[in-house]
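**Student:** These protein sequence lines are chains B and G, in that order. Residue numbering for the first sequence follows the working numbering, beginning at -18 and increasing consecutively. Residue numbering for the second sequence follows the working numbering, beginning at 415 and increasing consecutively.
Errors might be hidden in some of the hints.
Restraint ranges, calculated between C-beta atoms of paired labels, are given here [to be verified]:
hint: 1; chain 1: G; residue 1: N511; chain 2: B; residue 2: N406; range: 27 to 33 Å
hint: 2; chain 1: G; residue 1: I425; chain 2: B; residue 2: K155; range: 51 to 57 Å
hint: 3; chain 1: B; residue 1: H382; chain 2: G; residue 2: Q418; range: 53 to 59 Å
hint: 4; chain 1: B; residue 1: E526; chain 2: G; residue 2: Q418; range: 45 to 51 Å
hint: 5; chain 1: B; residue 1: D503; chain 2: G; residue 2: K513; range: 29 to 35 Å
hint: 6; chain 1: B; residue 1: P181; chain 2: G; residue 2: H490; range: 35 to 41 Å
hint: 7; chain 1: G; residue 1: K423; chain 2: B; residue 2: E317; range: 44 to 50 Å
hint: 8; chain 1: G; residue 1: S493; chain 2: B; residue 2: N12; range: 32 to 38 Å
hint: 9; chain 1: G; residue 1: S493; chain 2: B; residue 2: H382; range: 48 to 54 Å
hint: 10; chain 1: B; residue 1: F529; chain 2: G; residue 2: K423; range: 56 to 62 Å
I should point out that these hints are in silico values taken from the structure, not numbers from a laboratory. We put the beta carbon where it would ideally sit given N, CA and C, even for glycine.
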Amino acid sequence: MKFDIQSIDTDVLIIGGGTAGCFSALTLAENSNLKVVIAEKANIKRSGCLAAGVNALNAYIGKGETPESFVGYVKRDSESIVREDLVYGVAKLLNNVTRKLEDLGLAILKDADGEYVQRGKRSIKINGENIKPLLADAVAAHDNITVLNNVNIVDYQVLDGCVIGALGFSLREKIIYVINSKKTICATGGAAGLYKPNNPTFSKHKMWYSPFNTGAGYAMGIRAGAEMTSFEMRFIALRCKDTIAPTGTIAQGIKAVQVNARGQEYVEKYGRPSTHIRLYSTVMENLKGNGPCFLKTEGITADQQQELFKAYLNMAPAQTLKWLESNTGPAEENVEIEGTEPYIVGGHTASGYWVDHERKTTLKNLYAVGDVAGGSPKKYVTGCLAEGQIAAMSILNVIEHSQVIKLSNKEINEKVKHISRFFDNSSPLYSIGEVEEAMQKVMDEYAGGISSSYGYNETRLNIAAKRIEELLTIADTLKAGDSRQLLAIFEIIDRLYVCKVLIRHLAARKETRWRCYQENIDYPQKDDQNWMKYVNSVFRDGKVEFIFRDLVGRDTIYEHTD
Amino acid sequence: MSIQIDHYKCISCGRCCDVCPGNLIERDEALKAIMKFPMECWGCTACLKECPTGAIKYYLGADIGGKGGYLLTRNHSESIDWYIISPDSAKYHITINKKESNKY
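Model the full structure from these sequences, guided by the hints.
**Tutor:** Take a look at the structure:
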């Protein structure tokens, strides 16, 4: 296919127009006249993991809580492997960005005194169905933000370890974009679709996280040599069976407890009921033959049930459909729960780019925010907004000394050829879908997927690593017939790069720190003596090299030094 | 998990195609919307909320317990009407005011 090449110069390029990316753009536009470009694979109105909405704001400093107590909570729940400095930076902004969301039009439940009604200590009740359209409208109101919808970024442009822009292609027109930027913010979200999903046939995309978030930002960073952290701290959600709808609305909202098939409460038999123990206990009860497990909702009132129908329509409509098409509801039937396949997502765990206190990555001029940024678990929606703001404010302080640098035409032409080469492949033996399934199968069976109850050992990981390399070679032979297929090929290649690094991280942490998330059968115990450290990696000359870093405290102002 | 678009109700406005986060909806020769990749649907309902004529049905795949019921949406400026029709033709109608928060 013949592409036209369109070159764009901008002050700031934001890759990904989800929650974090949009908020970075808004912060930049409200505080400067800088030219900002958002490159978005879909359309910012409904793109990213909040397409359907969000059920609550789960990172908020409620009454009796402080930013310091928030850091304490995240540290406990994440078994200490967090960047306390980053969590603290987020915590201090959570309530400000929440006010800002309300100003943009988000409905937040208030009491008679005008105070937000809390769902939990760190959670408030909202109607988050329209959170993305609200952010998209706010972005559209600024003339200095250009949104490139339906443009998929493939890789950064890098010169001497410095990110000077990115390249991508349009899904609607035959155009390859060469974007030259003084500063670049990566806000692409995390990685779904690495492992065989709960429902691998017709409903293969009915998963917890957006199936369209395929780890592009991680993969671009890996290929460019950015330092990554804590990929081994995977995230696995505990969800409503089949619909993979959230359970927190029921568990927190109506205080429903988890019970097994015998009606017994079981979570606390397995330890303090942190996020991963609620999941682990459910997996264990199933293995012992005590499953299926449920959230005990039978007997709730008709009003409570009606409110649950509404709450799910505002974020996961499949669940309300499931109840009502059967003419039933949670008042009549307990809600069955199950664990999902593992994801890599920095909004929930510590996986992602290794960043400094301003969210600068180890690649010069590149920032990372939201789910793609590591070190700050449980930041959720508001934490992603806070990170978007932090990066934008840093850019405002330093950008006047920056300039646009461009690669030579020869170098650009090579990169264009790298993107369009898949149209020239002929008679491939394998289809795009086959490679995706093969990747998900090997990750499931050998790298701790659902079928092995999330556990793995070194022998298994070695088999997975070998197969992922084979699949990367096969992926190079895939053929694209149109730009959508080209996108699918790059999405597979990106996920294979994430898998490659993930497998090495799973092997590198020789302990079991988080149940299910990182269940190393060779080392089944937590080992505080040796593993109170971050497992970081850099992909260099075709190899994943490790850097084990000491924990960073809450009051440190962390800057990259080596 | 997927959607089905009613060819006769579709007015070829293209709004569902623009908003799908997976770029899954394309247009036929008459510019009518067609769900090109039903197995790749996340089930977010963005397209239902965008459709001005209520032409899009949302249903659960048989593999996740679907029974043949479906959901329709009409999106207004202040509220969203949700209609769920069960396989035995029972109809449920839930209106949600956009300014009203979840209770849970």
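**Student:** Which earlier hints turn out false for this structure, listed by number in ascending order?
**Tutor:** 1, 2, 5 and 7
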